[in-house]
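Trainee: Chain order of the listed sequences is A and B. 189 is the number that numbering that gives the first Met the number 0 gives to position 190 of the first sequence; each next residue is one higher, with no gaps. 169 is the number that numbering that gives the first Met the number 0 gives to position 170 of the second sequence; each next residue is one higher, with no gaps.
If you are wondering where the hints come from, they were derived from the structure by calculation, not from laboratory data. Please read all numbers here as calculations on a predicted model, not as lab measurements. A couple of the hints might just be wrong.
Cβ pair distances, simulated, as ranges [what the hints assert, rightly or not]: (1) D113(B) with D113(A): 25 to 33 angstroms; (2) L233(A) with E292(B): 27 to 35 angstroms; (3) T125(B) with E137(A): 52 to 60 angstroms.
Among chain B residues calculated to face chain A with C-beta under 7 angstroms, some are [claimed, not checked]: (4) N58; (5) A62; (6) N248; (7) R330.
Within a straight-line C-alpha distance of at most 16 angstroms, the following computed EDC-like cross-link-like pairs (lysine to aspartate or glutamate) qualify [stated by the list, open to error]: (8) K346(B) with E228(A); (9) K297(B) with E124(B); (10) K85(A) with E137(A); (11) K107(A) with E276(B); (12) K187(A) with D60(A); (13) K324(B) with D37(A); (14) K324(A) with D279(B); (15) K107(B) with E218(A); (16) K85(A) with E218(A); (17) K297(B) with E316(B); (18) K84(B) with D113(B); (19) K297(A) with D279(A); (20) K324(A) with E240(A); (21) K324(B) with D363(B); (22) K301(B) with E263(B); (23) K346(A) with D118(B); (24) K51(B) with E276(B); (25) K346(A) with D279(A).
In this text, a Cβ means the ideal position worked out from N, Cα and C, and glycines have one as well.
Protein chains: 2
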Amino acid sequence: MIYLDNAATSYPKPASVINAVKNSLVCYGANPGRSGHDFSVKTANIVYEARKALNDFFNGDGAELVSFTQNCTQALNTAVKGFLKKGDHVVISSLEHNSVVRPLETLKVRGIIDYSVFDVTLNKETTLCNFINAFMPETRLCVVTAVSNVFGDILPLAQLSEIAHSKGAKLFVDGAQGAGIIPVDMKKQGIDCLCIPGHKGLSGPMGIGAILHKNIDFEPLVYGGTGSESFNLLQPRDYPERLEGGTINVPGVCGLLQGLRFIEAKGINSILKSETEICDEIIYGLKRIEGVEIYRPKGDIKYAPLVSFNVNALHSETVSALLNKGGVAVRGGYHCAPLAHISRGTKSTGTVRISPSASTCKKDINILLNLVRKIAIKEFI
Amino acid sequence: MIYLDNAATSYPKPASVINAVKNSLVCYGANPGRSGHDFSVKTANIVYEARKALNDFFNGDGAELVSFTQNCTQALNTAVKGFLKKGDHVVISSLEHNSVVRPLETLKVRGIIDYSVFDVTLNKETTLCNFINAFMPETRLCVVTAVSNVFGDILPLAQLSEIAHSKGAKLFVDGAQGAGIIPVDMKKQGIDCLCIPGHKGLSGPMGIGAILHKNIDFEPLVYGGTGSESFNLLQPRDYPERLEGGTINVPGVCGLLQGLRFIEAKGINSILKSETEICDEIIYGLKRIEGVEIYRPKGDIKYAPLVSFNVNALHSETVSALLNKGGVAVRGGYHCAPLAHISRGTKSTGTVRISPSASTCKKDINILLNLVRKIAIKEFI
């Protein structure tokens, strides 16, 4: 199998990640932050090391402001639902994933908040203008993705943040497709809260994510044991425990830490360069196949290393099923981002998404392109 | 180190669990339920196998009614917050953990619900009487733990359920200390919703839990991508996805599945018998040490295999720190269960909790008892 579905979850994982997860079950086997014995403290120390590593990697405001979650979705729900109050208005981009849209829509349906969607266009000035126009007096929060999970657009976070802050709103970033893929710097880009998955660009296992924030007063999503202030019947105020009710995923944390170390050792810009070159090769090949439409319009947009396309009038799931038959794993459909398809006109078919890794080789690309060629001339149906 | 803190997290994990977690990173490395390619389907299949295994083990109402969470706390928050509506009244026991108390207290402080606590006494009839007296016309829900995480009391779930149902209320069970330790049967015991951790009695890794329920109409705690109904801006209604926004912890699921198989192969009653005998030996030894108070009052109460005690007037955390110095890992303090200490009069010291596993040996017990003896005569301070 040629795996080109790294935007869903990265594969293969580095050997160091696999070993770290395995070893954690032996070496970090006690519950951190609960008991006071040495084994528990040892586990708490590695968890702290991972917090610190994440904080450093994303230039956050402190290791204690990194709380671990099950995934990026839980981090986003924690951030959005924990920050918003009745009457608030939120601005989101047209490229947001359902992990942002669904919590907001639910709050809207219940009459608690309202939100507006600004269209991300091919022209940066127009996009920023759309963003500004989406604000209302009640706008307290903007939520944008760092990278579109469907089309790969990299959003101009620093500029969006500047505008948001000038209007008294905070900027929360969905790092699902950005973290570990493109450089993300909370301080330089003015990100008030960053939600990340461990299992995509950061090369960690599935089941771990994190929320990094600038000491925001979040109401927790999950209330429960924190190993602290047992007689406080409400959730303790201290971070990171406030957002970590219940036992955290220690094997996931250990794997994520090694994933981060892997990225650091390779260099994020070096990985990005390799993956971008691979995407460029794929695009070059796809462009030469009649009937293929690639969703990489020219303009001011910078793209992360993923490519969405369609073949003739075929539904993207048909094409991805055919590629699967040929031994190539990609994702078809809507990628849980309905607004993106409405915005870019791909609602009827969805898109076939290719998301390579730095280890994708020339041979893989040729096999992919040959299959697409056959699908385009209906030789493979 | 002699590890007697299995109630916090079980250790060591069976080799089959460690291998399953490691192998999952290689063999089940795609995101389940997202893409349609073979690798993703293969992962989805093992996840389904785990749902089915849990459903069978707890005699639930169907594999699709098993949703995976990060831990038992998240499962309890999902259940409690997803079920309750404004004006509801809840009945909980005096032995509940903060994973039950904190979400309820938060809802109470916000004026959404109210709750009453019934005292679990040494006499079953009195306990049931207290339970009945705690009901109000608005009582829609009762939440009780299967086993006290502080004192080990096993609650009479079947009788509590019968009473709850006769009054039109549902019974949700916190299986944190019961799942995999004592037999729990959703049908026989009339449990409407069971929340479980994977990393305690079920021998799985930290970071995985589950909610099993009888097709209850829960409002989700986490909204987000489910890989289904992308254009539905609200969370899809179908279980298990409805309660599984975002990527689940696949390595955790694979580990939990093997943990379950391990318990099944050994037989839960056989493990319980071994652990009970170990506790009996510990209690026998502790009883012979002057100054030791063991919290195992005689009465109608049946106990799970854990023992809480104190030494002289020492704070439990002092004693557990001394035991740690001697190479024995136990937990002191309040165990995130404040009501239990108020109810049983241990608020000033907390308790030292010993929670052995079936692999705890005679030698371990002797070392523990010798240390407690030294602490009692202040030889070790």
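Trainee: Kindly indicate which numbered hints from before are broken by the structure, ordering the numbers from low to high.
Mentor: Failing hints, ascending: 4, 5, 11, 14, 17, 20, 22, 23, 24 and 25.
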